[in-house]
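Asker: Here's the letter readout for the chains.
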Amino acid sequence: MNPALPLAALGLIDAAFSGFRAFAGRDARIRKARAVARAASRGLAVGAALLLVPVLTALGVLLSVDDQTRTYAALSAGGTAFLLPLTLYAATVALSLTAYFVLPFRASTLAMVMGLGPLTLIRPLVVALACLNALADGGWTALLVGTVAGAAVLCVEPLVHRRWYAALPLPDLLGRARPA
Amino acid sequence: MPHLEISDLITVTDPAGGTRLPVGRAAVVRRLVESGDLRGARIVAALPVDPGGVLDPVAVDRLMVGVHTELQRLSEELRIGERLAHVLGPLFTAIRASGHAGPLRLVDVGCGLGYLVRWLAATGALGPDVELVGVDLDAALVDEADRLARDEGLACRFVHGNAFDLPEAATVFVSTGVLHHFRGPALAEFFRAQAASPALAFCHYDIAATRLAPIGAWIFHRARMRHPLGRHDGVVSALRAHDDATLMRAAAVPGIRPLLYEPRGLANPFCTTLRPVLGVRPQLEEPLRLALGRASRRLVGPERLTGTAR
Numbered sequence: 001m002n003p004a005l006p007l008a009a010l011g012l013i014d015a016a017f018s019g020f021r022a023f024a025g026r027d028a029r030i031r032k033a034r035a036v037a038r039a040a041s042r043g044l045a046v047g048a049a050l051l052l053v054p055v056l057t058a059l060g061v062l063l064s065v066d067d068q069t070r071t072y073a074a075l076s077a078g079g080t081a082f083l084l085p086l087t088l089y090a091a092t093v094a095l096s097l098t099a100y101f102v103l104p105f106r107a108s109t110l111a112m113v114m115g116l117g118p119l120t121l122i123r124p125l126v127v128a129l130a131c132l133n134a135l136a137d138g139g140w141t142a143l144l145v146g147t148v149a150g151a152a153v154l155c156v157e158p159l160v161h162r163r164w165y166a167a168l169p170l171p172d173l174l175g176r177a178r179p180a
Numbered sequence: 001m002p003h004l005e006i007s008d009l010i011t012v013t014d015p016a017g018g019t020r021l022p023v024g025r026a027a028v029v030r031r032l033v034e035s036g037d038l039r040g041a042r043i044v045a046a047l048p049v050d051p052g053g054v055l056d057p058v059a060v061d062r063l064m065v066g067v068h069t070e071l072q073r074l075s076e077e078l079r080i081g082e083r084l085a086h087v088l089g090p091l092f093t094a095i096r097a098s099g100h101a102g103p104l105r106l107v108d109v110g111c112g113l114g115y116l117v118r119w120l121a122a123t124g125a126l127g128p129d130v131e132l133v134g135v136d137l138d139a140a141l142v143d144e145a146d147r148l149a150r151d152e153g154l155a156c157r158f159v160h161g162n163a164f165d166l167p168e169a170a171t172v173f174v175s176t177g178v179l180h181h182f183r184g185p186a187l188a189e190f191f192r193a194q195a196a197s198p199a200l201a202f203c204h205y206d207i208a209a210t211r212l213a214p215i216g217a218w219i220f221h222r223a224r225m226r227h228p229l230g231r232h233d234g235v236v237s238a239l240r241a242h243d244d245a246t247l248m249r250a251a252a253v254p255g256i257r258p259l260l261y262e263p264r265g266l267a268n269p270f271c272t273t274l275r276p277v278l279g280v281r282p283q284l285e286e287p288l289r290l291a292l293g294r295a296s297r298r299l300v301g302p303e304r305l306t307g308t309a310r
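If you're matching them up, the sequences are chains A and B in order. In case it helps, UniProt numbering puts the first sequence at residues 1 to 180. In case it helps, UniProt numbering puts the second sequence at residues 1 to 310.
Take the hints with a grain of salt, since some may be wrong.
What the hints assert, rightly or not - Coverage of chain B stretches by chain A, computed from C-beta distances (three or more under 8 Å per stretch; other residues unrestricted):
# : region
1 : 26-38
2 : 43-55
3 : 149-157
4 : 223-232
5 : 251-260
Claimed, not checked - Label pairs and their computed distance ranges (CB to CB):
#  : chain 1 : residue 1 : chain 2 : residue 2 : range
6  : A       : Leu103    : B       : Pro198    : 37 to 45 Å
7  : B       : Val58     : A       : Ala37     : 31 to 39 Å
8  : A       : Tyr72     : B       : Ile219    : 36 to 44 Å
9  : B       : Pro167    : A       : Leu103    : 54 to 62 Å
10 : B       : Ser98     : A       : Leu121    : 31 to 39 Å
11 : B       : Asp243    : A       : Leu121    : 26 to 34 Å
12 : B       : Pro22     : A       : Arg34     : 39 to 47 Å
13 : B       : Ala155    : A       : Met1      : 33 to 41 Å
Just so you know, the hints here were simulated from the structure itself, not pulled from any lab data. Here a beta-carbon is modelled for each residue, glycine too, at the ideal position from N, C-alpha and C.
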């Protein structure tokens, strides 16, 4: 199986969520669906750009080796191994999110307390685990591409936050700047 | 050693006049060091001061508005609005059923950025006949709450001052995350002030004091808050939360029937991060239980609390 497409899909979904997190806590209005959507699309755009880096890294690795077939197989195996913990993580997040939005407030609190809150904190650990998995199944080249991909994914939130939201909001005290 | 919240120490307001008082940074740092809180001391030591060592009030205001804006995210994610409306809706139903004449007015004590009041206004959860007022001693937070409400055209208002000195009487006093700021006799005094007012009830939500609360607060503030002050005070708040028995004792004031909704032992701590202590005029208890329906089994008086306290 070529893991490139599911990895890209997961990376882009994660980037959209990263955009949301970069914005969250910077706008105290009650109705802000449009601002949330804008933040998610900013995350998506930044994520799409950053994910080109591991793609280019993989291409660079393939172009620089003599035995491309073998290296491609190693990258595929490493990518599949990289995908496994990420898929489990994504499934847990999806389950928690569904519970959060569908269930009444008490159960949704449980989904938040047990799921979404801690899951945000452990993102770097999941990426680290994915990298180790890639190393185990695909060797050092897979680890290289996986590390670059993981770093790209983890960089989306701070970059979006710094670019668009770090200086917000504090309107009255900061000269009536409005949330973007 | 006492747990101190930085936000309590760096914003000091004269409770009588509402005037902002100057705060010396060195004195705050010293208090935190003496309480063993070196991390808190480091956070305060980094705040800007004037040449006299007094904390820059504009910088402190900016910080407080920023931290409260971040804090609102937790209220949104934990669906605090719905949680409150779940009890406040039946409470106002009971008040209407009791034949109360005159306007219905909810006053949020220590409203901060007024998330609850603005959420209630935006959703109309309590009905159009309930006037929504937020009150806070912090002028910067009240200004920002007012600006946010006007920005969205919400039918609510915010007042800078003491919630118990308003010209118009409250029907119900509410608060979220305020009770743990009152220590010792001040807690009972807080409830007595409401009992002495014409208000028919109060409903104050605060962090449920469980062993899990500080851990949960650490995880959540670490995951969701950016500023170290917010992370620091979030955990300290959980450590300072009053247990059920303390709240019930303090709320047992003349003319008020104290009640606790979802006390420890009747609620899953993972599902109930905040729970309210209520006080109602005695004639309102039955209508309230009726309006709550099956949920009234979660509402207990002091006589039922024995054995469930921490």
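Asker: Does each hint fit the structure? Answer for all of them.
Answerer: Each hint, compared with the structure:
1. Counting residues of the region 26-38 of chain B whose CB lies closer than 8 Å to any CB of chain A gives 0, which falls below the minimum of 3, so the coverage claim is violated.
2. Counting residues of the region 43-55 of chain B whose C-beta sits closer than 8 Å to any C-beta of chain A gives 0, which falls short of three, so the coverage hint is violated.
3. Chain A is given as covering the region 149-157 of chain B, and this holds because 3 residues of the stretch bring a CB closer than 8 Å to a CB of that chain, at least three being needed.
4. Counting residues of the region 223-232 of chain B whose CB lies closer than 8 Å to any CB of chain A gives 4, which reaches the minimum of 3, so the coverage claim holds.
5. Requiring three or more residues with a Cβ within less than 8 Å of a Cβ of chain A, the coverage given for the region 251-260 of chain B is violated, as only 0 such residues are present.
6. A beta carbon spacing of about 39 Å between Leu103 of chain A and Pro198 of chain B agrees with the range 37 to 45 Å that was offered as a hint.
7. Between Val58 of chain B and Ala37 of chain A the beta carbons are some 33 Å apart, a value that agrees with the proposed interval 31 to 39 Å.
8. The supplied range of 36 to 44 Å is met by Tyr72 of chain A and Ile219 of chain B, whose beta-carbon atoms lie about 41 Å from each other.
9. About 43 Å separates the C-beta atoms of Pro167 of chain B and Leu103 of chain A, a value inconsistent with the hinted range of 54 to 62 Å.
10. Distance hint for Ser98 of chain B and Leu121 of chain A: a CB-CB separation of about 47 Å, inconsistent with the stated range 31 to 39 Å.
11. Evaluation of the 26 to 34 Å hint for Asp243 of chain B and Leu121 of chain A yields a pass: the beta carbon distance comes to about 28 Å.
12. Judged by the Cβ atoms, the range 39 to 47 Å given for Pro22 of chain B and Arg34 of chain A holds: they are separated by roughly 42 Å.
13. Checking the proposed 33 to 41 Å range against Ala155 of chain B and Met1 of chain A shows it is violated: the Cβ atoms sit about 57 Å from each other.
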